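Visitor: So you can see what is in the structure, the chains are spelled out below.
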Amino acid sequence: GENVEQHPSTLSVQEGDSAVIKCTYSDSASNYFPWYKQELGKRPQLIIDIRSNVGEKKDQRIAVTLNKTAKHFSLHITETQPEDSAVYFCAAKETSYDKVIFGPGTSLSVIP
Amino acid sequence: GAVVSQHPSRVICKSGTSVKIECRSLDFQATTMFWYRQFPKQSLMLMATSNEGSKATYEQGVEKDKFLINHASLTLSTLTVTSAHPEDSSFYICSAKPGLAGGRGEQYFGPGTRLTVT
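Residue numbers (our numbering), protein chains in the order written: chain U, 54 to 165; chain L, 619 to 736.
Rather than coming from a laboratory, the hints here were simulated on the basis of the structure. Since this is a predicted model, take the numbers as computed values, not measurements. Worth double-checking, as some hints may not be accurate.
Computed list of lysine-lysine pairs in DSS-like fashion (alpha-carbon distance at most 25 Å, straight line) [said to hold, decoys possible]:
{"id": "1", "chain 1": "L", "residue 1": "LYS659", "chain 2": "U", "residue 2": "LYS90"}
{"id": "2", "chain 1": "L", "residue 1": "LYS682", "chain 2": "L", "residue 2": "LYS638"}
{"id": "3", "chain 1": "U", "residue 1": "LYS75", "chain 2": "L", "residue 2": "LYS659"}
{"id": "4", "chain 1": "L", "residue 1": "LYS638", "chain 2": "U", "residue 2": "LYS95"}
Could you put together the complete structure from these sequences and hints?
Guide: Here you go:
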């Protein structure tokens, strides 16, 4: 089955700097890669997603890149703000079984 | 749109009792619902996938007789934790996938249920 790895596990950045979180997946047939933000005790919120037929997608301060050959995808947050502090999860969707497998998460702290 | 609710939000029960958690898609029909468990400071671990009108598919290591899942309608799935033990204490989150042809596979998450077994 699909296995998703994520790095780093924790990340601290100064307000205004950029944050980058990297993920790898194992199933070359996976074709949908969402990113979720989860605040303590809350549900995961979809912040951006990308399909395998696209290499890059951007939404304001957030961008995601995908390298299908290497099975890597990354989240880039620019001009970070304190409210960006949360746990971020990457995920990959197994096409065969229609289920989304989550990475272990990255705890992002933005220091004012 | 795409709102998923979960009830209850918090529940405390005694060891040996059973607890039922409901997951509802409020404004769309969900052909597929997923149940996750999340321990503190850990990721979401998929427990099972349920499709309306059929038996749930459980992930490896998840006891189907302990975690009973029923997906009786296109808007409701229930998870019953039977004979709960303290180690079952966790944050249980459901998600629902709209039954849209050609949909990209996006899931919508419920707010979660915090289960504490004493």
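Visitor: Broken hints, numbered, in rising order?
Guide: none
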